[in-house]
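So you can see what is in the structure, the chains are spelled out below.
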Amino acid sequence: MIICSFLLFSCKKDELKIVGKTEEFTIKSIIINDDYPIFVFLPPNYNSNILNQLIIGLDGELRFDEIANIISEKSENGSIPPCIFVAVGNSDKRNRDYTPTKYEHGEGGAENYYHFLKNELIPELESKYSIDTLNTKTLIGNSFGGLFTHFTMFQDRIDNPFNKFISVGCSFWFDSGVIFEYEEDYTVSHTDLHVNFFSGMGSLEGGVNLASFEEMTIRLKNRNYSNLNINTQLIDKHGHSGTATIGFKKGLDYVFSYLKNTLNITLVYCFYSFCSRHYHK
Amino acid sequence: MFIASIASAQDTTTNNKSIEFGFIVAGNEALYYGGYGKFSMPLSQKKHYFTLGASLTSYFDFKGESTSEAYLKNDVDMRILPNLIAGYSLNFNKFQFNFEIPIGLSIAITKGTLVNEKIGFERDYSNNEVFFNYGLAFTPKYRINEKNLIGLYAFLPLIEDKAQSGYQFGISWTTFIMNK
Chain A
13 MIICSFLLFS CKKDELKIVG KTEEFTIKSI IINDDYPIFV FLPPNYNSNI
63 LNQLIIGLDG ELRFDEIANI ISEKSENGSI PPCIFVAVGN SDKRNRDYTP
113 TKYEHGEGGA ENYYHFLKNE LIPELESKYS IDTLNTKTLI GNSFGGLFTH
163 FTMFQDRIDN PFNKFISVGC SFWFDSGVIF EYEEDYTVSH TDLHVNFFSG
213 MGSLEGGVNL ASFEEMTIRL KNRNYSNLNI NTQLIDKHGH SGTATIGFKK
263 GLDYVFSYLK NTLNITLVYC FYSFCSRHYH K
Chain B
34 MFIASIASAQ DTTTNNKSIE FGFIVAGNEA LYYGGYGKFS MPLSQKKHYF
84 TLGASLTSYF DFKGESTSEA YLKNDVDMRI LPNLIAGYSL NFNKFQFNFE
134 IPIGLSIAIT KGTLVNEKIG FERDYSNNEV FFNYGLAFTP KYRINEKNLI
184 GLYAFLPLIE DKAQSGYQFG ISWTTFIMNK
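Each protein sequence line maps, in turn, to chains A and B. Mapping of the first sequence onto this note's numbering: position 68 corresponds to residue 80, and the numbering continues sequentially without gaps. Mapping of the second sequence onto this note's numbering: position 31 corresponds to residue 64, and the numbering continues sequentially without gaps.
Think of the hints as simulated: they come from the structure by calculation, not from any bench. Small disclaimer: the values here were computed from a predicted structure and weren't measured. A portion of the hints provided could be inaccurate.
[Claimed, not checked] Below, a sample of chain B positions facing chain A; criterion: calculated Cβ distance under 7 Å:
id	residue
1	Lys151
2	Asn160
3	Glu179
Quick reminder that beta carbons are idealized off the backbone N, C-alpha and C, glycines included.
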């Protein structure tokens with residue numbers, strides 16, 4: 013009873029403090045033969061007249077409020093382009109869906125889950141909302157979700173719907189670092205990795221993850237991919253759970269900073285074109 | 034003052050300084066094993082009394098997330114927690130209930146080498162950090178004789194990230210330093 017009281021006393025959950033609209037629906041996956049609740053957040057800068065950025069978060073039931081809060085704040089202060097945030101639920105099946113191989117705590121369903129996102133969920137979202145249909149989506153994951161984010165980044169780029177990845181506290185330990193094999197396989201068949209990638213790791217996450225995190229960073233940087241924008245950060249003073257919110261914020265800042273620069277250049281160009289036309293008239 | 038000092042000298046001293054040792058399991062995301070030592074002194078000779086003390090706790094993670102194919106060499110993953118303690122002790126016949134507020138530091142030390150035979154790499158890692166630590170402790174004890182008590186120990190950290198200083202549960206043995 014004392015232990016339970018102690019634990020209850022220290023429990024804390026993120027409250028939803030967003031400006032914007034939320035929706036929820038369920039999608040049936042034929043590929044996985046399971047139902048997934050989908051939590052949707054349309055922030056104030058979502059504009060149905062233009063093609064918005066799609067941000068997909070994993071562990072929907074656990075992370076929707078937390079990430080929606082961050083995006084709401086960023087949307088209000090203009091630090092994120094017009095977007096829609098979708099969190100995929102059924103988090104209690106994360107050991108099945110987010111793990112690339114069958115191993116202790118994992119069932120190796122990542123490939124199926126990737127095809128579910130690519131061939132079932134994203135087309136459904138594109139039919140319901142105004143979303144950029146190019147391969148410009150963003151994927152956010154923590155822990156096993158971070159492992160799946162890495163797994164997805166190392167899938168073939170030609171038909172990969174994502175080009176922005178945010179991984180926090182990736183479970184590098186899983187299957188003795190099997191994710192490194194996916195990284196190696198990717199580099200055998202590709203000469204470039206054209207993505208914006210943020211990876212964060214808590215400084216108190218233990219030796220296996222700290223060392224693997226550094227190894228992955230060094231490996232990716234040494235590949236000399238010309239179009240890889242990578243930012244990896246050790247998040248001081250935090251363990252596995254505590255890194256998520258900080259990492260998501262830093263990650264969203266980073267992966268959209270390139271887009272923001274591109275947008276700024278585009279806006280300057282549009283403004284210049286507009287002024288030129290009027291001047292010549 | 035003379036009368037007061039004589040009166041004080043004639044009081045029967047019932048509360049004594051004590052030393053406590055315990056074995057604990059600790060942590061939040063990972064499981065650590067360790068122990069603690071604590072010195073306490075009573076602030077009055079009442080039946081229920083306030084205490085002041087100091088403690089040193091240390092616990093270790095001996096395995097981490099290593100596997101047979103990816104293991105840690107020369108691994109240290111530990112916390113050292115020096116704390117000052119203010120408390121209140123409730124005494125009922127053979128039972129004593131102690132409520133305490135430890136305040137101090139948590140020193141995190143993590144270092145070693147990851148040897149990943151499956152992928153084929155070795156990578157050193159090292160991280161040392163110091164955090165402010167505080168929380169609530171509860172130690173119910175049973176008096177087995179005039180000088181010794183055995184009990185349980187629980188610590189609830191009130192800092193936000195429990196990886197800095199985790200929950201602690203354990204068993205304890207307390208012995209009084211009897212006044213002569």
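Against the structure, the hints come out as follows:
{"no.": "1", "hint": "Lys151", "in the structure": "4 Å, holds"}
{"no.": "2", "hint": "Asn160", "in the structure": "5 Å, holds"}
{"no.": "3", "hint": "Glu179", "in the structure": "27 Å, violated"}
When each numbered hint is compared with the structure, a violation occurs for hint 3 only.
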